[in-house]
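Just so you know, the protein sequences line up as chains A and B, in that order. Here the first sequence is numbered in this note's numbering, starting from 1 and rising by one per residue. Here the second sequence is numbered in this note's numbering, starting from 1 and rising by one per residue.
Don't take each hint at face value.
[Said to hold, decoys possible] In silico BS3-like cross-links for lysine-lysine, where the CA-CA straight-line distance does not exceed 25 Å: (1) B:Lys59 x A:Lys10; (2) A:Lys5 x B:Lys95; (3) A:Lys153 x B:Lys95; (4) B:Lys19 x B:Lys59; (5) B:Lys108 x A:Lys10; (6) B:Lys42 x A:Lys10; (7) A:Lys10 x B:Lys19; (8) B:Lys19 x A:Lys5.
[To be verified] Pulled a few chain B residues facing chain A out of the computed Cβ check, cut under 7 Å: (9) His2; (10) Ser5; (11) Ile10; (12) Val11; (13) Glu12; (14) Thr13; (15) Val17; (16) Glu27; (17) Val85; (18) Phe105; (19) Ile106; (20) Glu109; (21) Ile111; (22) Cys112; (23) Phe113.
If you are wondering where the hints come from, they were derived from the structure by calculation, not from laboratory data. Think of the CB as a built atom: it goes at the ideal place given N, C-alpha and C, for glycine as much as any other residue.
Listed below are the residues making up each chain.
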Amino acid sequence: MKEFKILEVKRSIFENNDRQADLLREELKKEKVFLLNLMSSPGSGKTTTLMKTIGALKEEMKIGVMEADIDSDVDASTIATSGVKVIQLHTGGMCHLDADMTKQGLEGLGTQDIDFAILENVGNLVCPAEFDTGAVKNAMILSVPEGDDKPLKYPLMFSICDVLLINKIDVLPYFNFDIEACKERVMKLNPKIQVIPIASSTGEGMEDWYEWIRTQVRQWNE
Amino acid sequence: MHELSICYTIVETLQEVVKENEIEEVEAIVLEIGELSSIVPKYMENCFPCAVDGTLFEKSKLTIEVVEGIGRCKRCGYSYRLLPVEGYCPNCDVKDFDVISGEEFIIKELICF
Chain A
1 MKEFKILEVK
11 RSIFENNDRQ
21 ADLLREELKK
31 EKVFLLNLMS
41 SPGSGKTTTL
51 MKTIGALKEE
61 MKIGVMEADI
71 DSDVDASTIA
81 TSGVKVIQLH
91 TGGMCHLDAD
101 MTKQGLEGLG
111 TQDIDFAILE
121 NVGNLVCPAE
131 FDTGAVKNAM
141 ILSVPEGDDK
151 PLKYPLMFSI
161 CDVLLINKID
171 VLPYFNFDIE
181 ACKERVMKLN
191 PKIQVIPIAS
201 STGEGMEDWY
211 EWIRTQVRQW
221 NE
Chain B
1 MHELSICYTI
11 VETLQEVVKE
21 NEIEEVEAIV
31 LEIGELSSIV
41 PKYMENCFPC
51 AVDGTLFEKS
61 KLTIEVVEGI
71 GRCKRCGYSY
81 RLLPVEGYCP
91 NCDVKDFDVI
101 SGEEFIIKEL
111 ICF
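When you get a sec, could you build the whole thing from the sequences and use the hints?
Below, the structure is given as structure tokens:
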């Protein structure tokens, strides 16, 4: 019988990715690029919110967008009409992006003349929460029709985000969505999170969101 | 899908480990997965052969040790397994706890020649 030995590894399965993510953040800091990872379920209004945001901020800062999807370039084509730099990332069946894919995406986008890069992650509330993309901050959109119980169902996603946009508040009268209860659930998971109710289609609340971005970009470049 | 990419991540990490330790053959890979992590061990086992295909670990056995999800009640201090009672303390019926274990997601060890 061959002799064998037990090698203690004791490494977090995410360690590799976490390390790459930290390296990416260091590079972004040097290059003065603020990278935001935007996550949500499919249909929560990510692309609409993004289009409005670009329209409002593109005169103030140079914006670049990375659209991640399992397949198709529908969203990238929409964003391209806004006039900012955009590239499509295909995850090839994967349900999330990791730090390495994000790094490749940034290389494709070219960060030399970008102040504010946005990564539109795959529409999914589970897997993207597990993988640090290397973004400076994480944002998520929860829309009113999805229900105020989502923080209970996807606690990890809510606990890793720095800001939560509650979108489609213009349809609140038609849904049984309790903003205060939702906020309370979110704050319990993540006391530091900022919650901003918006309606990206009507523009309601969007100024608060723009202000959040301005502050973050400024602080990152200080 | 999720489990598959995690398997790839594991293979990447392990490739570093075997290089650092100059290992040529790995008999078994032991993972420690907490039952509160969002990983389904059965799916991991199914995805594993795909991720190790063509690597040094092609013939390695995958062993998953599941760690129980234990919480301590913030109100009465009682420690209990969370899943069977959906997080509610069996002692005072309150769902307010600190997680003590069960979120692990670790490559524990390699059994190698």
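Cross-check of the supplied hints:
Pair hint B:Lys59 plus A:Lys10 holds up; C-alpha atoms about 21 Å apart against a cutoff of 25 Å. For the hint pairing A:Lys5 with B:Lys95, the CA-to-CA distance comes to about 44 Å; that exceeds 25 Å, so the pair is violated. Our distance criterion of 25 Å between C-alpha atoms is met by A:Lys153 and B:Lys95, whose separation comes to about 15 Å. For a cut-off of 25 Å, the pair hint linking B:Lys19 to B:Lys59 stands: about 17 Å separates their Cα positions.
In summary, the hint linking B:Lys108 to A:Lys10 is supported, as the alpha carbons are separated by about 5 Å, within the 25 Å threshold. Between the alpha carbons of B:Lys42 and A:Lys10 the distance comes to roughly 21 Å, so the proposed pair stays at or under 25 Å and holds. The hinted pair formed by A:Lys10 and B:Lys19 meets the criterion: a straight-line CA distance of about 16 Å does not exceed 25 Å. In summary, the hint linking B:Lys19 to A:Lys5 is supported, as the alpha carbons are separated by about 16 Å, within the 25 Å threshold.
For B:His2, the shortest C-beta to C-beta distance to chain A is roughly 5 Å, which falls under 7 Å, so the interface hint holds. Given the 7 Å rule on beta carbons, the hint for B:Ser5 holds: about 5 Å separates it from the nearest Cβ of chain A. For B:Ile10, the suggested interface contact is upheld, since its CB lies about 6 Å from the closest CB of chain A, less than 7 Å. For the restraint placing B:Val11 at the interface with chain A, the shortest Cβ-Cβ distance is roughly 10 Å, beyond the 7 Å limit, so the hint is violated.
Taking 7 Å as the C-beta contact cut-off toward chain A, the hint placing B:Glu12 at the interface holds, the least distance being around 5 Å. Below 7 Å, beta-carbon pairs count as interface contacts, and B:Thr13 has one with chain A at about 5 Å; its hint therefore holds. Hint on B:Val17 holds. Least Cβ distance to chain A is approximately 6 Å, under the 7 Å limit. Given the 7 Å rule on beta carbons, the hint for B:Glu27 holds: about 6 Å separates it from the nearest Cβ of chain A.
At its closest, the beta carbon of B:Val85 sits 16 Å from a beta carbon of chain A; the interface hint therefore is violated under the 7 Å criterion. The beta carbon of B:Phe105 is positioned within 7 Å of a beta carbon in chain A (closest approach about 5 Å), and the interface hint is therefore held. Hint status for B:Ile106: holds, given a least beta-carbon distance of 6 Å to chain A, under 7 Å. The closest approach between the C-beta of B:Glu109 and any C-beta of chain A is roughly 5 Å, which is under the 7 Å cut-off, so the hint is satisfied.
Nearest Cβ of chain A to the Cβ of B:Ile111: about 5 Å, under the 7 Å cut. The hint holds. Annotation: B:Cys112 was flagged as interfacial toward chain A, and the flag holds, the nearest CB pair being 6 Å apart, inside 7 Å. Because the beta carbon of B:Phe113 sits about 5 Å from the nearest beta carbon in chain A, less than 7 Å, this interface hint is met.
The structure is inconsistent with the numbered hints 2, 12 and 17, although it conforms to all the rest.
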